[in-house]
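Chemist: Top line first, the protein sequences correspond to chains W and A. Counting from 1, one number per residue, gives the positions in the first sequence under this note's numbering. Counting from 1001, one number per residue, gives the positions in the second sequence under this note's numbering.
Be aware that a few hints might be false.
[Claimed, not checked] Calculated pairs, DSBU-like style, for lysine-lysine (alpha carbon to alpha carbon, straight line, at most 35 angstroms):
hint, chain 1, residue 1, chain 2, residue 2
1, W, K429, A, K1062
2, W, K429, A, K1079
3, W, K431, A, K1081
4, W, K471, A, K1147
5, W, K327, W, K72
6, W, K789, A, K1082
7, A, K1147, W, K429
[Stated by the list, open to error] One side only, chain W facing chain A, incomplete, derived with CB under 10 angstroms:
hint, residue
8, G279
9, T523
10, V570
Simulated from the structure, these hints should not be mistaken for lab results. Cβ coordinates follow ideal geometry from the N, Cα and C atoms, glycine included.
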Amino acid sequence: MFVCRRTFLIKCIKQRTVERIVVALCIPVLCMLMPLQVAGQNCNYKISGTVTDAQRHPVAGAVIRIETDSTKGDVTDTGGVFTIRDVCNGHNVLTCHADGFTTAVAHIDVSNDSRIEFALSADKNQLHEVVVNGVRMQDLHTVAHTELKGLQLLQSRGKSLGEALKQLPGLNAIQNGPTIAKPVIHGLHSNRVLILNNGIRQEGQQWGSEHAPEIDPFVANRVSVVKGAASVRYGADAIGGVVLLDPDPLPAKRGIGGDVYVIGQTNGQMGTTSATLQGKPGKQPDGLAWRVQGTLKRAGNFKTPDYYLKNTGLEEEDGSATVGYKKKGLEVSAYYSVFHTKNGIFEGSHAGNIADLRAALSRDKPATQSYFSYDIARSYQEIYHDLAKLSASYRFANEGKLEFTGARQKDLRDEYDISLPYTLSEELKRKPQVSFQLITHSGELVYTQPTRNRFSGNFGLAGNTQGNVFKGIRYLIPNFRTYTGGAFGIERYSLAKVTFELGARYDYRWQRVYQRDPVTLRTYNTTLTFSNATATGGIIYRPVEKLTLTGNVGTAWRAPSVNELYIHGVHFSDATYQDGDSSLKSERAINSGITAAWKGKRLRGEIDVYYNHIGNYIYETPQAQPVTLLSGTFPAFKFTQDNVGIRGLDASVQYDLLKHVTLQSRVTLVRGYNYTAKDWLIYMPADRYENGVTFNLHELGFMREPYVSVENVTVLTQTRVPPGLDFAPPPKGYSLLNASTGFSAQAGRHKLQFDITAANTTNTRYRDYLDKFRYYANNIGINFIVKCKYSF
Amino acid sequence: MKLNRILIAATLVAATALLWTSCKKEEQNVAPPDPENEVITTVRIVATNNADITDTWTATWKDLTPSDGNPDTTNATLKLKKDAVYTVSVLFLDETKTPAGDITAEVSERSNYHLICYEPSAGLNLTVVRTDKDNNSPALELGLKSKFTTGAVGTGRLNVSLHHQPSGKNGTDCSIGSTDADVNFAVQIE
């Protein structure tokens, strides 16, 4: 398998040595696990993907053949989609032929179900201009995962990341009103969920439930979620799971293309527009390519069925640029993105102390009436997030790949309270009461070994350093510096019908916190270190072609965050007095999950069942004595650690009832229990059921793939809550009716996608348990959303 | 190959620069409290007997470390004569500074967004009426100045609170907005 040209000879020898070491290390481990050796080829894999032209429009009728086994192949449908089943593992050569295009050739090492995207060149004279973009699979194959795709992805456009992911089974959102939403995976959120933006760990002040991810979801054309402990690949914090946002690969064909989204919605009179332009100047498949992208968003006061929510508008401006260079095995790219948002905080949600909160709770609607306005007054949050990323990868002659990624991100979060600070200084009055600046530098080096002798895997080193500077008028969290380093290895072994996966990682974190003594005003520091080993092991088993069973046991860890360690004082967003504990230890999770996926002709579905045991789970426990401050009485909470367990079930089913009628259902059930306190966990998502029916046609006049869809979302009342911990009982369950319709149309290289959705069509009054604003107001009412996507 | 090597070298240099520049250790300089910022540490009530202007009583509720919950209430007792009428001023001070910062002036300056509320405990023979107004049109009650009328002998508590009401102020409703100060004075009517 090693083709060594002279120039690569030295590299190849080195490569072989690395290969041998890897194999020598891993075989004994895997052999212990698998006394059974099954010989012969495994021909149970599936290769699916899409065929597009240079403008990324689907190519119908393209013939995809496996050259190494001419009996297998498929023809793309009108969506450009193909699926080839019964593909054997090992090296496969695929050809993609369509009339009017140059034949494309793809080499792929199959060890799992794979995806390939063919971008065809229209010019028959440019013979070698053939481009194949293999889409990366999740690095942990045996951990449950899900993805926003197709129509779901289009319908999520314009929503915040948290809102967009809510439609996936197993996911919920923790919200502070209509504009601030954070993803919840299997009941966990904030610093128990990791977000990878373009391969980089998103680092902001993610500990706060009102601190939404500082990401423009339009940068990504692939939004996927790993559900379960995934620290082995992604490091600390991946206790609940990981959200991955990946852009498309840069264009490989000469020319300029792009797309424009225009989205408008009635509630909040929100408008969003996002545009992407990309191109490639050179004729060769190698060479330079670029992309620029930008998003603008504006919303005013949102409206519940009965009243407006005062000061809930938002403004957002984001942009990104990528430039890449490719030459033979080498790929280099640079990426820069800026994100800025200004978010109004609903005026009715301010509580100076517990008496204010009780007064707000006793009202059935906010004390002050409002009207529609785009103005954003105090209080508001203003966030800037800049990310610079450099990556370089080299594919060796043996198909092994070494990839380096380095990034710097700067997160600046300013929060302006509803009241101006008491001061005579005009300058100080303009300053935010709370200001955090977090700068993170990170680097990762990953080697992906080529698939050989049924083995495949990744090995890597990762490190980062963070500096946090707090500049607020009122103290909230201290300054700190952290250094984190880790090393990991994941190895897979694939047999007929079965794949085994095993991985391990070690991480070390050093953290020094800088504080000022409030009396002596002297600066002092405290140093903490954390180290953790994590492991993962899993199996994929395909007893029959349509059924895939996946099982995984994985561990994850998280160091206590700076607020849990050192916060001391009033937390304004919920009128509580919080006390950190600097002796907190790392949280450690052991997550086990089983997934069964069925992909039949008419019935498709997936069920995940999981149990996540979290040792040293950090949460706030109420203290017997409230704290009396000058500004009133506050319930006191102290951060503490207990052993808890979260179990649950996610399921999604699609059934083609008739030729043009599909029924779909999704279920998300979560149960969280504290074994130490022998009580339920607070803020676990209530049971959620979504049932819908979609009518779709292949073509109707000029419309392609027109559809009409109706869906009911039912959320039950959360009854499993610890008594006496919450300020108000969980709100009643609710049932919403949503409807949508849309189509796509194509004229030459121009494509238009259109969708109109009516959300909460019955204008139902409801409050959601995971929305912190449920204490103060109803959720928003009826909302019509129109989305247009134009691609060229 | 030459180009490859140059590119690899350039990337490595750029990456190293990216990783290690701007590590200015800003975090080691912990920002001291802003001297211009005023924190309410003290609520003071000055009551003057209308029948005898030399008869004044000052009660002070203070907490010099306002985030710790250890108030000093040794002087937070208000002693008033029975069946009397008092003219009362309330002062909000920042006593972490010398001289003390006067937050009362700022409340007065932004009087349209503030309301001071007085709530005697049940059974205490004390009635409080706000006597000053803000600059709203029509003018609404403010409460920096007030009239205390006492009845029979007794003891109880008086809750004094400062509310920030950027919208919805009506001059009487104390449940609107957010609370900046909320303290209890012991009251003895003798």
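Chemist: Given the proposed pairing of K471 of chain W with K1147 of chain A, does the C-alpha separation stay at or below 35 angstroms?
Modeler: violated (42 angstroms)
Chemist: Check whether the Cα positions of K431 of chain W and K1081 of chain A lie no farther apart than 35 angstroms.
Modeler: Measuring from Cα to Cα gives roughly 46 angstroms; hence the hint is violated.
Chemist: Given the hinted pair K429 of chain W and K1062 of chain A, is their alpha-carbon gap at most 35 angstroms?
Modeler: Answer holds: K429 of chain W to K1062 of chain A is near 25 angstroms, not above 35 angstroms.
Chemist: Does V570 of chain W hold up as a contact with chain A if the rule is Cβ-Cβ below 10 angstroms?
Modeler: Cβ of V570 of chain W sits 7 angstroms from chain A, so the hint holds.
Chemist: Would you check the hint for K1147 of chain A and K429 of chain W, treating anything up to 35 angstroms between C-alpha atoms as holding?
Modeler: holds (33 angstroms)
Chemist: Restraint: T523 of chain W near chain A, CB-CB cut 10 angstroms. Satisfied or not?
Modeler: Holds, about 5 angstroms.
Chemist: Does the closest beta carbon of chain A sit nearer than 10 angstroms to the beta carbon of G279 of chain W?
Modeler: violated (21 angstroms)
Chemist: K429 of chain W and K1079 of chain A: Cα distance at most 35 angstroms?
Modeler: Violated. K429 of chain W to K1079 of chain A sits at ~38 angstroms, over the 35 angstroms cutoff.
Chemist: Could you grab the alpha-carbon distance between K327 of chain W and K72 of chain W and see if it respects the 35 angstroms cut-off?
Modeler: The given pair, whose Cα atoms are some 32 angstroms apart, holds under the 35 angstroms limit.
Chemist: Please verify whether K789 of chain W and K1082 of chain A have alpha carbons no more than 35 angstroms apart.
Modeler: Not satisfied, since the Cα-Cα distance of roughly 78 angstroms exceeds 35 angstroms.
Checked against the numbered hints listed earlier, the structure breaks hints 2, 3, 4, 6, 8; every other hint is satisfied.
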